[in-house]
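Those protein sequence lines, which keep their order, are chains A and B.
The first sequence lines up with residues 1 to 147 when you count with the numbering used here.
The second sequence lines up with residues 1 to 422 when you count with the numbering used here.
It should be emphasised that the hints constitute simulated quantities derived from the structure, not laboratory data.
Quick caveat: nothing in here was measured; it's all calculated off a predicted structure.
Just so you know, not all the hints are guaranteed correct.
[Stated by the list, open to error] Calculated cross-link-like contacts (lysine-lysine; reagent style DSS-like; alpha-carbon spacing at most 30 Å): (1) A:K124 <-> A:K109; (2) A:K109 <-> A:K2; (3) B:K182 <-> A:K2; (4) A:K54 <-> A:K2; (5) A:K109 <-> B:K416; (6) B:K416 <-> A:K124; (7) A:K2 <-> B:K416.
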Amino acid sequence: MKLSDLYRQLILDHNRSPRNFGRLEPADAAATGHNPLCGDRLELTLRMDGERLKQVRFEGQGCAISMASASLMSEAVTGLGRADIERLQQQVHALLTQPDYLPPQDLGKLQALAGVHEFPVRVKCASLCWRTLQAALDRAKQPVSTE
Amino acid sequence: MNARPNEAGVGYIDASGRLLPERVRADFPLLARPINGHPLAYLDSAASAQMPLAVLQAIEEYETALHANVHRGVHTLSQRATAAFEGAREYVRRFINARSTREVIFVRGTTEAINLVAQSWGRGQIMAGDEILITHLEHHSNIVPWQLLCAERGARLVAVPPTAAGDIEPEAVLARINPRTKLLAIAHVSNALGTVLPVRELVAAAHERGVLVLVDGAQAVAHEPVDVQQLGCDFYAFSGHKVYGPTGIGVLWGRESLLQAMPPWQGGGDMILTVSVERSTWNELPYKFEAGTPNISGAVGLGAALQYLERVGPAAVGIHEQQLVANTVTALKSVRGLRLVGTPQRRRAVISFVLDGVHPHDIGTILDHEGVAIRTGHHCAMPLMEYYGLAATARASFAAYSTEADAERLIRALHKVREVFG
Numbered sequence: 001m002k003l004s005d006l007y008r009q010l011i012l013d014h015n016r017s018p019r020n021f022g023r024l025e026p027a028d029a030a031a032t033g034h035n036p037l038c039g040d041r042l043e044l045t046l047r048m049d050g051e052r053l054k055q056v057r058f059e060g061q062g063c064a065i066s067m068a069s070a071s072l073m074s075e076a077v078t079g080l081g082r083a084d085i086e087r088l089q090q091q092v093h094a095l096l097t098q099p100d101y102l103p104p105q106d107l108g109k110l111q112a113l114a115g116v117h118e119f120p121v122r123v124k125c126a127s128l129c130w131r132t133l134q135a136a137l138d139r140a141k142q143p144v145s146t147e
Numbered sequence: 001m002n003a004r005p006n007e008a009g010v011g012y013i014d015a016s017g018r019l020l021p022e023r024v025r026a027d028f029p030l031l032a033r034p035i036n037g038h039p040l041a042y043l044d045s046a047a048s049a050q051m052p053l054a055v056l057q058a059i060e061e062y063e064t065a066l067h068a069n070v071h072r073g074v075h076t077l078s079q080r081a082t083a084a085f086e087g088a089r090e091y092v093r094r095f096i097n098a099r100s101t102r103e104v105i106f107v108r109g110t111t112e113a114i115n116l117v118a119q120s121w122g123r124g125q126i127m128a129g130d131e132i133l134i135t136h137l138e139h140h141s142n143i144v145p146w147q148l149l150c151a152e153r154g155a156r157l158v159a160v161p162p163t164a165a166g167d168i169e170p171e172a173v174l175a176r177i178n179p180r181t182k183l184l185a186i187a188h189v190s191n192a193l194g195t196v197l198p199v200r201e202l203v204a205a206a207h208e209r210g211v212l213v214l215v216d217g218a219q220a221v222a223h224e225p226v227d228v229q230q231l232g233c234d235f236y237a238f239s240g241h242k243v244y245g246p247t248g249i250g251v252l253w254g255r256e257s258l259l260q261a262m263p264p265w266q267g268g269g270d271m272i273l274t275v276s277v278e279r280s281t282w283n284e285l286p287y288k289f290e291a292g293t294p295n296i297s298g299a300v301g302l303g304a305a306l307q308y309l310e311r312v313g314p315a316a317v318g319i320h321e322q323q324l325v326a327n328t329v330t331a332l333k334s335v336r337g338l339r340l341v342g343t344p345q346r347r348r349a350v351i352s353f354v355l356d357g358v359h360p361h362d363i364g365t366i367l368d369h370e371g372v373a374i375r376t377g378h379h380c381a382m383p384l385m386e387y388y389g390l391a392a393t394a395r396a397s398f399a400a401y402s403t404e405a406d407a408e409r410l411i412r413a414l415h416k417v418r419e420v421f422g
């Protein structure tokens, strides 16, 4: 278990200067995720192009792992359809939890999160953004209320 | 159990009266275990203190030689178990200087003690429009039970804000006491900031205005001699595992006249005198509030923990911790971008801080990697965190076994955090 596996340069860089930080207004969907144990809070706003995720931004407070994970996710999922996003989410989950997982090439920069599996208490930090994205996408699918 | 009539401090205190923390540390088997390849610097005793061998042995002796149910059997073991359990109650009574063991109720911990008062005393005494006064420093366990009670009774929960330094000023409390105020529920020591509240002064002022006072002593009992008669409060709650005892056992002390007037809060065995299908009559104090088979080995462990602390010397422990905390506060200033959260006038064994540009969880992970255990997060004090505009802090807390070496390890590990995060 090495600290430099967890805090890789790419993670530290995305923590210091997160990409797609902020909020989209107006947005087609939004969701807020909480880590009640840590007090971490993450709010995602999305713009959709049909089934495709056109743009995503995030705001919130959290540790370097949760901030960098959200930043890396926002880059990876932009322009993808729901099925591709779900596939990525499963691959990231495997990367975060399985020590012997061999990530496919197209995981790209998300592979920087590979060290998290050695720090089990930090898995929930890295997965908060993915759970929140799923909630926002589920909401985007629902018909718009006219009330 | 095998009470050794040792004088306080024998073997633990040097010729000038100072505590020898390395000598105390040697009594705690867990502290000798390496963590992540480093000797353990355990700076999370405010969350849970470790147990000395004397406590572990007392529990083992109870479980292997004395165990049976209490207050029930005529057989030898039941009598021995009862003697051990009631003996522990007497140790507690002596330790906090209660008038009588009738005032010492065994509960699961501070949280259950406060819930007992909220449900038994509160439901009978709190009416619509009444007010319960707390502070913004409180642990959730001294907030949520009152919220539940207030919602049920149509009463109002009012919180006293701290100063920017994290102190509670008596004037700020008094300004919020009015004829509707029925109870002041306050921490003795803040678990998040280490602030010592002016309990005696607040009790005197509250009593002048006819307001009862409950004190959450979870963070005080292990760190200074506590005398409930001297404090003058009406209820005092604390947990075993924060005073070198096991988890799952704690104490509610209450003024006997109040406890006598309070109805039971849980029904079952042991708390009754007679039961018919239609009605029951209640057992005398303290059993009226102890329904069901209690945590006997926990009580025995707590009794042993208090005896242990008495042997070491609670006053010397308090002085040692305060010296260590003061030195650590000074040393923390060498860490670039470190800011203390709370700089109270009187502080016990807790230091909260944040580091510019580094989230407390990242601090916690890097420190853990260096064998330094601290707490990070909101410390079950979310209203206080909100008051300071923080989601979380890092918290180092100290005990009798904490040494200068532990503090130095903390500082070195924090410099390591700066290396990683720049």
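Structure-based check of all given hints:
| no. | hint | in the structure |
| --- | --- | --- |
| 1 | A:K124 <-> A:K109 | holds (19 Å) |
| 2 | A:K109 <-> A:K2 | holds (20 Å) |
| 3 | B:K182 <-> A:K2 | violated (55 Å) |
| 4 | A:K54 <-> A:K2 | violated (37 Å) |
| 5 | A:K109 <-> B:K416 | holds (26 Å) |
| 6 | B:K416 <-> A:K124 | holds (24 Å) |
| 7 | A:K2 <-> B:K416 | holds (13 Å) |
Hints 3, 4 from the list above are not met by this structure, while the remaining hints are.
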